[in-house]
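**Q** So the chains spell out like this:
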Amino acid sequence: MSLDTATPAPGTPGAPAKQPSPSAVTKADIAKAGATRRRRSAQWKLIVGTICTLLVIIPIILANVLPLPDANFQDLAARRLPPLTDGHLFGTDQLGRDLLSRVLHGGQVSLTIGLLAVLVSGAIGVILGAAAGYFGGWVDTIVSRLLEAQMSLPLLMMLLLVVALFGPSIPVITFVIAIAQWPEVARLTRSMVLVEREKPYVSAARILGLHRIQILIQHIIPNVIKQATLVVLLLLAQAVLLESALSFLGAGPQRPFATWGRIISDGQDYITTSWWMVTLPGLVIVLMVVGVNLLGDGLRDRPRRKKKGA
Amino acid sequence: MTNYILKRLGQGLLTVFLTVSTVFILIRMAPGDPAVSYAGPLATNEQLEAVRQQFGLDKPVLEQYWIFIQQLFTGNLGQSYSFQAPAMQVVFERMPYTLTLATSAILLTAAVAIPLGVWMSRRPDTGREFGVNVLTIAGQSMPDFWTGIMLLTGFAVLIPLFPASGFATWGGLVLPTVTIAILQIALISRMVRREMTNNLAAPYLTVARSRGVKNSVLTWRYAMGNSAIPVFTALGTRFAAMLNGVVVVEVVFAWPGVGSLIVRALETRDYPLIQATVLITALLAVGVQLLIDLAYPLLDPRVRLGKAATA
Chain A
1 MSLDTATPAP GTPGAPAKQP SPSAVTKADI AKAGATRRRR SAQWKLIVGT ICTLLVIIPI
61 ILANVLPLPD ANFQDLAARR LPPLTDGHLF GTDQLGRDLL SRVLHGGQVS LTIGLLAVLV
121 SGAIGVILGA AAGYFGGWVD TIVSRLLEAQ MSLPLLMMLL LVVALFGPSI PVITFVIAIA
181 QWPEVARLTR SMVLVEREKP YVSAARILGL HRIQILIQHI IPNVIKQATL VVLLLLAQAV
241 LLESALSFLG AGPQRPFATW GRIISDGQDY ITTSWWMVTL PGLVIVLMVV GVNLLGDGLR
301 DRPRRKKKGA
Chain B
1 MTNYILKRLG QGLLTVFLTV STVFILIRMA PGDPAVSYAG PLATNEQLEA VRQQFGLDKP
61 VLEQYWIFIQ QLFTGNLGQS YSFQAPAMQV VFERMPYTLT LATSAILLTA AVAIPLGVWM
121 SRRPDTGREF GVNVLTIAGQ SMPDFWTGIM LLTGFAVLIP LFPASGFATW GGLVLPTVTI
181 AILQIALISR MVRREMTNNL AAPYLTVARS RGVKNSVLTW RYAMGNSAIP VFTALGTRFA
241 AMLNGVVVVE VVFAWPGVGS LIVRALETRD YPLIQATVLI TALLAVGVQL LIDLAYPLLD
301 PRVRLGKAAT A
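Protein sequence lines correspond, in order, to chains A and B.
In case it helps, the UniProt record's numbering puts the first sequence at residues 1 to 310.
In case it helps, the UniProt record's numbering puts the second sequence at residues 1 to 311.
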């Protein structure tokens, strides 16, 4: 990391004129230095990201405990009530269902799908990427070709196709999102393993007589897993967006599950009279995805502390 | 050079062939009968049988595949069930709309994202840059269908500046373009920032600065020159992806492009139409990828295509 920033400093202002201090670099200079600013903005991203994410995730986890009307309870007398009317913080939808309750319960479905998809794609990505990077040869050829082929595939179209053809059940959707996302993890893992396997500790392990698979699992993967996890965190944000897009196009989990995408597509018909039915669920998605993205960014930019011990 | 192009063309065609074959198999593996959706729920068994015969769906799958491959080489994928016209023709009629939308979106993206990314890279982690940075994160976090509906409500319904749907006037192009561009600007500007920040911190730049090269030249000629290839690649890849139909945005704005066509084709299980759409979009995407690679030597004279085949 360089202290040198883009704007050329024409001589450090102020510093030389003052009393001679042990160093010409004052505290003010350090506070303005690129590295400091970088650390500060990483910290801010972490803080804001955590707040945004928790603000969405905690109510979703507690949705079954919170004193909310049932997500599918219809009260036709209380149709399309605006937000903040009694008992309905987010208002109600066209069938008189409590919107907040629907958003939170929908969030449970969307998040579950997102998490499962990310776990599956993370596992596939790390295993295949590590194998390709470490073993090279034909393993690498196959994995790399697969990666390339998927790059040139029309992604959303293929996802729609599979869901349309095999039915929009939660396992199918989870699988489809996982398949869409594994290349990113695999590519990163592969490139990191390529670097790791040339390091001396690998030779040392080999001389000690460890099996290649043992070296890969016990020594190399632990060294790359941290960065791979970071990407997986960012993929979670994408998975939530992808699922909501599928739901919006009618290829999401079927009723009675209220997912974020379908709440919005249902509300679309009433947008001119009942703005909240589209706006509020959308804002919840944005808040959560922004939070996760900020967290990922912050964790990536955070200056690496020196390892304690091992 | 010629060898390189031929090799890439071969690879590209192979990819396209595998793609359409995958789609062919997927369609046949899936439950659901196109004859039912064609003839309607009230059709008798004899009628269904007649429909299957008419479209060759009563033949064994392998024979259907063989016919399909023959059709691939003649460029005639059969009649679309729901449009009653050659499937390829239906797709070709929709293609210009998707092309227009994709082109205008990528132009807007480039025009905004590059200056924005450069601006960010020249003052990294300052207060203002942090603000813009968070905005770009927000831009990549908004579901595009939601952004679309919001823009639609705001600028077509509440303030009727632009038409809400379709492509009857040039004004109809504005809202879909902006919807796509918001996401793409966020992604590309962050990428420009990353590339530029690295290049601006590189030793060669310090040397040039110490020799008194002007700041604007440093940024735009030195650093940008070296960031050009990754940025151009990203823009090109995005463009190629858009040619596959900006499905969601096309549906929101009732844009008569390939994206909304595929949604309809899937709903009606219109096999020839699905295959024609996948074939044409895959061909276009591969073609654009190849053009991107061929443009590298123009951007960076150090690149020699034959040797940089993995680039």
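Please note that a few of the clues may not be correct.
[Said to hold, decoys possible] Label pairs and their calculated CB-CB ranges: (1) B:S165 x A:A123: 49 to 55 angstroms; (2) B:T206 x A:G167: 44 to 50 angstroms; (3) B:F155 x A:Q218: 56 to 62 angstroms; (4) A:N223 x B:V36: 40 to 46 angstroms.
[As the list claims (entries may be wrong)] Stretch by stretch, here's where chain A covers chain B in the computed footprint (C-beta under 8 angstroms, at least three residues): (5) 95–102; (6) 137–147; (7) 163–170; (8) 246–257; (9) 263–273.
Keep in mind that the hints were calculated from the coordinates and are not lab data.
It should be emphasised that the depicted structure is a prediction, and the values quoted were computed from it without experimental measurement.
We put the beta carbon where it would ideally sit given N, CA and C, even for glycine.
**Q** Hints first: check each against the structure and report whether it holds.
**A** These are the hints, each one checked on the structure:
Between B:S165 and A:A123 the beta carbons are some 42 angstroms apart, a value that contradicts the proposed interval 49 to 55 angstroms. Restraint check, B:T206 to A:G167: a C-beta distance of roughly 60 angstroms breaks the suggested window 44 to 50 angstroms. One distance hint, 56 to 62 angstroms for the beta-carbon pair B:F155 and A:Q218, holds here, with the actual separation near 58 angstroms. For the pair A:N223 and B:V36, the supplied restraint of 40 to 46 angstroms is violated, since their beta-carbon distance comes to about 55 angstroms.
Counting residues of the segment 95–102 of chain B whose C-beta sits closer than 8 angstroms to any C-beta of chain A gives 0, which falls short of three, so the coverage hint is violated. Check result for the segment 137–147 of chain B against chain A: holds, 9 residues qualifying (beta carbon to beta carbon below 8 angstroms, three or more required). Counting residues of the segment 163–170 of chain B whose CB lies closer than 8 angstroms to any CB of chain A gives 0, so the stated coverage by that chain is violated, three being the minimum. Counting residues of the segment 246–257 of chain B whose beta carbon lies closer than 8 angstroms to any beta carbon of chain A gives 3, which reaches the threshold of three, so the coverage claim holds.
For a cut-off of 8 angstroms, the count of residues in the segment 263–273 of chain B with a CB near a CB of chain A stands at 3, and the three-residue condition holds.
The structure does not agree with the numbered hints 1, 2, 4, 5, 7 stated previously, though it agrees with the rest.
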